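**Student:** Quick mapping for you: the protein sequence lines, in order, are chains Y and U. Here the first sequence stands for residues 1 to 200, where the numbers follow this note's numbering. Here the second sequence stands for residues 1 to 200, where the numbers follow this note's numbering.
Treat the hints as calculated values from the structure; they're not laboratory data. Some hints here could point you the wrong way.
Identical copies carry no separate label here, and so any pair may be met within one copy or between two of them.
Result set (PhoX-like, lysine-lysine): computed pairs, CA atoms no more than 25 Å apart in a straight line [what the hints assert, rightly or not]:
hint: 1; residue 1: K25; residue 2: K55
hint: 2; residue 1: K39; residue 2: K69
hint: 3; residue 1: K55; residue 2: K127
hint: 4; residue 1: K39; residue 2: K55
Just so it is clear, the structure is predicted and the values come from calculations on it, not from any experiment.
Next come the chains, spelled out residue by residue.
There are 2 protein chains.
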Amino acid sequence: MASYTVAPLANLIDQFERLPGIGHKSAQRLAFHVLGMTKEQAESFAKAIVDAHEKIHHCAICCNLTDEKLCPICRDPKRDPSLICVVEDSRDVLALERTNEYRGTYHVLHGAISPLQDIGPEDLCIKELLARVQKGGVQEVIMATNPTVEGEATAMYLSKLIKPLGVKVTRLAYGIPVGGDLEYADEVTLSRAFAGRSEL
Amino acid sequence: MASYTVAPLANLIDQFERLPGIGHKSAQRLAFHVLGMTKEQAESFAKAIVDAHEKIHHCAICCNLTDEKLCPICRDPKRDPSLICVVEDSRDVLALERTNEYRGTYHVLHGAISPLQDIGPEDLCIKELLARVQKGGVQEVIMATNPTVEGEATAMYLSKLIKPLGVKVTRLAYGIPVGGDLEYADEVTLSRAFAGRSEL
Numbered sequence: 001m002a003s004y005t006v007a008p009l010a011n012l013i014d015q016f017e018r019l020p021g022i023g024h025k026s027a028q029r030l031a032f033h034v035l036g037m038t039k040e041q042a043e044s045f046a047k048a049i050v051d052a053h054e055k056i057h058h059c060a061i062c063c064n065l066t067d068e069k070l071c072p073i074c075r076d077p078k079r080d081p082s083l084i085c086v087v088e089d090s091r092d093v094l095a096l097e098r099t100n101e102y103r104g105t106y107h108v109l110h111g112a113i114s115p116l117q118d119i120g121p122e123d124l125c126i127k128e129l130l131a132r133v134q135k136g137g138v139q140e141v142i143m144a145t146n147p148t149v150e151g152e153a154t155a156m157y158l159s160k161l162i163k164p165l166g167v168k169v170t171r172l173a174y175g176i177p178v179g180g181d182l183e184y185a186d187e188v189t190l191s192r193a194f195a196g197r198s199e200l
Numbered sequence: 001m002a003s004y005t006v007a008p009l010a011n012l013i014d015q016f017e018r019l020p021g022i023g024h025k026s027a028q029r030l031a032f033h034v035l036g037m038t039k040e041q042a043e044s045f046a047k048a049i050v051d052a053h054e055k056i057h058h059c060a061i062c063c064n065l066t067d068e069k070l071c072p073i074c075r076d077p078k079r080d081p082s083l084i085c086v087v088e089d090s091r092d093v094l095a096l097e098r099t100n101e102y103r104g105t106y107h108v109l110h111g112a113i114s115p116l117q118d119i120g121p122e123d124l125c126i127k128e129l130l131a132r133v134q135k136g137g138v139q140e141v142i143m144a145t146n147p148t149v150e151g152e153a154t155a156m157y158l159s160k161l162i163k164p165l166g167v168k169v170t171r172l173a174y175g176i177p178v179g180g181d182l183e184y185a186d187e188v189t190l191s192r193a194f195a196g197r198s199e200l
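Can you make the complete structure from the sequences, with help from the hints?
**Tutor:** Here's what the structure looks like:
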């Protein structure tokens, strides 16, 4: 078939195929879908890609993604800036915001320390976090990095840097997930759930 | 969360979510992937969308998608123009070409007659096909529409139009798929396989 390729179509399929979780068949379907769009739809799709890429950068305070100087959470006067919840990724902010519980601010590291993947503390937004804590007014830093080896290591590393500054450092609770089944919970989670049990 | 939306990001997620088979979570992952691209990668992705949409149109002969006046198959002097294989969709051409067997040309209808979806003969590239046949030099028209009610109806409709012009009209063989299991073949396929049996 190589000899019968239509270059712009092949290129579009190739572009879709580079996206995560999109195989050749899906890429083909997406490309044909784009061909079926109106001119305006295709152009606004293309514009959305370029726009998002051009306009979005890190918030000057919390390093979350934003299209203004400060992200909407750091701009909000109702959020408590003395509480900082440290997460690995912007998507984690979205997940935590869905709880509608937390009223403090965030700090997005954009990754976790991982020697295997050659990601060191200098590759993450750690100096911005330390600057915020050193500036004063922070009462508690909540570590909400992922419960993985890398996330744990990052939380430990940060707590060693922040505690000496006289600020309380906490970690999200471990335990059995709500709605989960004890039978399918792993040993580590169960032993953490035992250790963290509370009186009824 | 609506109050904390970053407009260009929300727009990009929304654009991905409109694609077929992409839910909200996948759209979010794809949008964040785009943000992680280099400027050049994002721009060439956006350009591929606009380019494909602008440059691709129907081949002047067979209505297949192409970026030139004629599609690569109609341009190829080694393909036999006296044989026309009629398919519903450009993707069907790709599938048939993968067999590396067929040396004739194609005609892409861009759909099938479907009264339920309000698609009539005038919505398909049928008059272009009739013009090709009327021009002469065509020996056989092979119906390769899908083995569905709509595909069958379209094949029947076309054969009634083309046969009076003195051109042979054939249909792809029905039968058990190679590598399939008799046990799982449906009754209609099996009875067609009986009717179409050949001597060994």
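**Student:** My question is about K39 and K55: at a cut-off of 25 Å on alpha-carbon distance, are they close within one copy, between copies, both, or neither?
**Tutor:** Close inside one copy (23 Å) and across copies (11 Å); limit 25 Å.
**Student:** At most 25 Å between CA atoms: does that hold for K55 and K127 within a copy, between copies, both, or neither?
**Tutor:** Answer is within; shortest intra-copy Cα gap is 23 Å, inter-copy 48 Å.
**Student:** Please sort K39 with K69 into within, between, both or neither, judging by C-alpha distance up to 25 Å.
**Tutor:** between (33 Å within a copy, 20 Å between copies)
**Student:** Give the relationship of K25 and K55 under a CA distance limit of 25 Å: within one copy only, between copies only, both, or neither.
**Tutor:** between (32 Å within a copy, 22 Å between copies)
The structure meets every hint from the earlier list without exception.
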